[in-house]
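Got chain B sorted already, so can you dock chain P onto it with the hints?
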Amino acid sequence: MESKFISKLLLLTLGWLLSGSLLAGPVIQTWQTANGAKVLYVPAPEIPMVDVRVVFDAGSARDGDNLGVTSLTNTLLTEGAGDWSANEISERLENVGSSLDTGSLRDMAWASVRSLTEQHALNTTLDTLAAVLAQPRFNTEDLERERQATLASLLQDEQSPGTTGKKRLYHLVYGDHPYATDSEGTTASVKALTRKEIVATYKRLYVARNALVAIVGAVDREQAEAIAERVVGGLKSGEHSPKLPSVPTLKKAVVETIEFPSTQSHIYVGQPGIRRGDPDYFPLYVGNHILGGSGLVSLLSEEVREKRGLAYSVYSYFLLMRQPGLFQMGLQTKNSQAQQALQVLTDTLLRFVEDGPTKAQLTAAKQNITGGFPLRISSNSKIVEYLAVIGFYNLPLDYLDAFTGKIEAVTADQIRSAFRRRVHPDRMVMVRVGKKDEG
Amino acid sequence: MNRLLFAVALTLFVSAFAVQAQVHEHQLKNGLKVIVKEDHRAPIVVSQVWYKVGSSYEHGGITGVSHVLEHMMFKGTEKHPPGEFSRIIAANGGSENAFTGRDYTAYFQTMSKDRLHVSFELEADRMRNLTLPAEEFAKEVEVVKEERRMRTEDKPQSLTYEQFNAGAYEASPYRIPVIGWMSDLDAMQVEDLQAWYRKWYAPNNATLVVVGDVEPEAVFTLAEKHFGPLKAEKVDRLKPRTEPKQRGIKRFVVKAPARQPYVLLGFKTPVIGKADEAWEPYALEMLSYVLDGGSSARLTRNLIRGTKNAAAVDADYSAFSRLPGMLMLDATPVPGKDIAKIEAELLAEVERFKTELVSQDELARVRNQIVAAKVFEKDSVFYQAMLIGRLETVGLDWRLADEYVDHLKAVTAEQVQQVARKYLIEDNLSVANLDPQPMDGVKQRRAAGGRHGK
Numbered sequence: 001m002e003s004k005f006i007s008k009l010l011l012l013t014l015g016w017l018l019s020g021s022l023l024a025g026p027v028i029q030t031w032q033t034a035n036g037a038k039v040l041y042v043p044a045p046e047i048p049m050v051d052v053r054v055v056f057d058a059g060s061a062r063d064g065d066n067l068g069v070t071s072l073t074n075t076l077l078t079e080g081a082g083d084w085s086a087n088e089i090s091e092r093l094e095n096v097g098s099s100l101d102t103g104s105l106r107d108m109a110w111a112s113v114r115s116l117t118e119q120h121a122l123n124t125t126l127d128t129l130a131a132v133l134a135q136p137r138f139n140t141e142d143l144e145r146e147r148q149a150t151l152a153s154l155l156q157d158e159q160s161p162g163t164t165g166k167k168r169l170y171h172l173v174y175g176d177h178p179y180a181t182d183s184e185g186t187t188a189s190v191k192a193l194t195r196k197e198i199v200a201t202y203k204r205l206y207v208a209r210n211a212l213v214a215i216v217g218a219v220d221r222e223q224a225e226a227i228a229e230r231v232v233g234g235l236k237s238g239e240h241s242p243k244l245p246s247v248p249t250l251k252k253a254v255v256e257t258i259e260f261p262s263t264q265s266h267i268y269v270g271q272p273g274i275r276r277g278d279p280d281y282f283p284l285y286v287g288n289h290i291l292g293g294s295g296l297v298s299l300l301s302e303e304v305r306e307k308r309g310l311a312y313s314v315y316s317y318f319l320l321m322r323q324p325g326l327f328q329m330g331l332q333t334k335n336s337q338a339q340q341a342l343q344v345l346t347d348t349l350l351r352f353v354e355d356g357p358t359k360a361q362l363t364a365a366k367q368n369i370t371g372g373f374p375l376r377i378s379s380n381s382k383i384v385e386y387l388a389v390i391g392f393y394n395l396p397l398d399y400l401d402a403f404t405g406k407i408e409a410v411t412a413d414q415i416r417s418a419f420r421r422r423v424h425p426d427r428m429v430m431v432r433v434g435k436k437d438e439g
Numbered sequence: 001m002n003r004l005l006f007a008v009a010l011t012l013f014v015s016a017f018a019v020q021a022q023v024h025e026h027q028l029k030n031g032l033k034v035i036v037k038e039d040h041r042a043p044i045v046v047s048q049v050w051y052k053v054g055s056s057y058e059h060g061g062i063t064g065v066s067h068v069l070e071h072m073m074f075k076g077t078e079k080h081p082p083g084e085f086s087r088i089i090a091a092n093g094g095s096e097n098a099f100t101g102r103d104y105t106a107y108f109q110t111m112s113k114d115r116l117h118v119s120f121e122l123e124a125d126r127m128r129n130l131t132l133p134a135e136e137f138a139k140e141v142e143v144v145k146e147e148r149r150m151r152t153e154d155k156p157q158s159l160t161y162e163q164f165n166a167g168a169y170e171a172s173p174y175r176i177p178v179i180g181w182m183s184d185l186d187a188m189q190v191e192d193l194q195a196w197y198r199k200w201y202a203p204n205n206a207t208l209v210v211v212g213d214v215e216p217e218a219v220f221t222l223a224e225k226h227f228g229p230l231k232a233e234k235v236d237r238l239k240p241r242t243e244p245k246q247r248g249i250k251r252f253v254v255k256a257p258a259r260q261p262y263v264l265l266g267f268k269t270p271v272i273g274k275a276d277e278a279w280e281p282y283a284l285e286m287l288s289y290v291l292d293g294g295s296s297a298r299l300t301r302n303l304i305r306g307t308k309n310a311a312a313v314d315a316d317y318s319a320f321s322r323l324p325g326m327l328m329l330d331a332t333p334v335p336g337k338d339i340a341k342i343e344a345e346l347l348a349e350v351e352r353f354k355t356e357l358v359s360q361d362e363l364a365r366v367r368n369q370i371v372a373a374k375v376f377e378k379d380s381v382f383y384q385a386m387l388i389g390r391l392e393t394v395g396l397d398w399r400l401a402d403e404y405v406d407h408l409k410a411v412t413a414e415q416v417q418q419v420a421r422k423y424l425i426e427d428n429l430s431v432a433n434l435d436p437q438p439m440d441g442v443k444q445r446r447a448a449g450g451r452h453g454k
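Residue numbers (the working numbering), protein chains in the order written: chain B, 1 to 439; chain P, 1 to 454.
For the record, the hints were derived by calculation from the structure and aren't laboratory data. Each statement offered as a hint is correct.
With beta-carbon atoms standing in for the labels, derived distance ranges:
#	chain 1	residue 1	chain 2	residue 2	range
1	P	59	B	394	55 to 61 Å
2	B	409	P	316	48 to 54 Å
3	B	426	P	440	31 to 37 Å
4	B	163	P	397	40 to 46 Å
5	B	135	P	316	33 to 39 Å
We put the beta carbon where it would ideally sit given N, CA and C, even for glycine.
Just chain B, with the same shape it has in the complex (with noise of 0.2 Å):
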């Protein structure tokens, strides 16, 4: 299936947390497990069904020199756990159509379910989920089989031109922050890991208070808080993980070809942005909207895409993470035209931290921000996702109701000054992975 953008760049483009509101968002409860975990949770009466997302301040950020073992503890917690085998904690949440997911990312690692709340279903669900974060075996045969997995897909990692350009921009641009390196880790790392460092890892990081127990489904109060008490009440107490180390400004520009045997060049343009709870992030989100972040209708696609048929995708963010994440601007195209089109970007980029927003693109932006606030937790996979980032990054509980009226109050003055303080074009990161010959 063709489609005329791309949903994953998309979702990235538009942030979806960043959302407006003319309508009240979910009502949001919280609690404390007995061990010290967080608990958000909205009550979705409507579908006989409940998502459990447990959320631990376990990403890849915290691998200290082992680079990957977070990711590769992450994937290990369902592959053998308390009585089962990777096997028999698959078939037993199958046998009940029931999904058990695990990820990791830079700041963030978590193991989600989704449900029936018919009784044999949901008791099957949460005790295995339970046994998986409280009593993973870390077996050595299991944990060879994920390095083995882990590596090919550093292999596949290798054989794409975007995958290739994104990881080496966030090595120039975090130097040696723990953000600068993929969860995965690299191929040397991930063959060097030990199982003891995997179980010291998990130790340190799987606790009740470095967790938060998100829940939305058709449970109520008393049951959602036994739900919480049954699937992380096997862990330790523990500690929050430490604040991370704050993230270098970059001191001047950084421009890098990586040669590939690939049609196109791709493109990425990057330098540190910032963290949630940033207070330029209203101005900075809404002005973003109208430069990448808003799909064909943005300045970038009109630029590059619209006017001159340069490229099928090109975009712009702010990456919003504990310690500033990627303010980034991409695009693929041919190589020949690998230097016009980054010209296009650059100058497009530069003439609105220059300019800033117009009063019609302002109004526009603000218009499709706020209107489309009922789409944006019109699901209970939605909801149950913005429960975890609200409640992993502290943000406060009326978040979403407060969002509209934020994003009304942006001025375009405001944008202009937060991308000129903000924004600094002169000091990017420029990679492009192509074949120099034919740029």
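Then chain P, alone, in the frame of chain B:
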């Protein structure tokens, strides 16, 4: 804990009652079929227009024309200049997109429920009044070529898949890549699009699907107002282009710069509406679930966790397409493992169905999974609309989406064995291997100063 479980059981009963789906159908005089499904959970609505046209309607020389036309549908009508469509939808807080497949081209907007008229007005307008300016086409076809480079040319596994289809099918138009061959994109003219648009974009060749917080009668009235005045078009009967019986295994090798080998296998199989027995496609669906319905299914259990040769492995079959397709299997190896061994393991899994009945445990597990999936699917209005639109557009009935569970539950172990013996045979098989070529010149070059990462 007992209190919790008792209360949860009650919740199931009440909720199941509350979400009873309501689907309503109505045909306008010009032939446009309108299907509305009520879902009052959130104050939103998704509106999708499905056209019966896609790459399987195309012939050599104009491949990719359906998809390029999809792009051009955003390039203006007499009433709305290029780009205006997306701007209006955005200003109304909507999200929109479009997609092209082998059997369909579809356009959708998701909006606050009070904006449905905006979507209808714009979709009705571009159903018949597209201007297709030559200068816009000249730019947009370049965008599509970039899309092709990104999706196919620079992705070794996608290249393998494209070559596989082109070789495995003889007469079936499923051999045509949806995005089109590069040389056809190079030679495409705006006149090709004009002809294609006139031929297929008409109310009597489309289905309008609306799912969300709406009242069916109000939607039908609104549809009549905007789409009612459109004229029907004479739509030609499609030639059958029936795939001839395959007479022996086919093998392909695809050489491309890559780090990892990849193998893709496909057996020609029937689909719903074109099978000798009505249950056969459901038995094939069941077989495909037994292989790959989760990580307790046979492929992960035996190839990833068992022999540990494969790093990734999938099975894929769809009972719901316009023309017969294939049951496909694919795999990538753990680094250093022999891809030929994995191919043999995949074929051994297929052979096993012929000699050994699928266990009742496996059948029960699949049944429970699809029953649960049917409940989970209610969480997405978009997905519910997709199911209806797709079924209607490939010439089936939307009610099949609801009957699917019952049909699949009725499949027996013997039926799974019968379809395996009948269709999953060597004479019906095609195999493609990606043969990785060196990725020469992958080295870094610094052009200007700055600090280094790790």
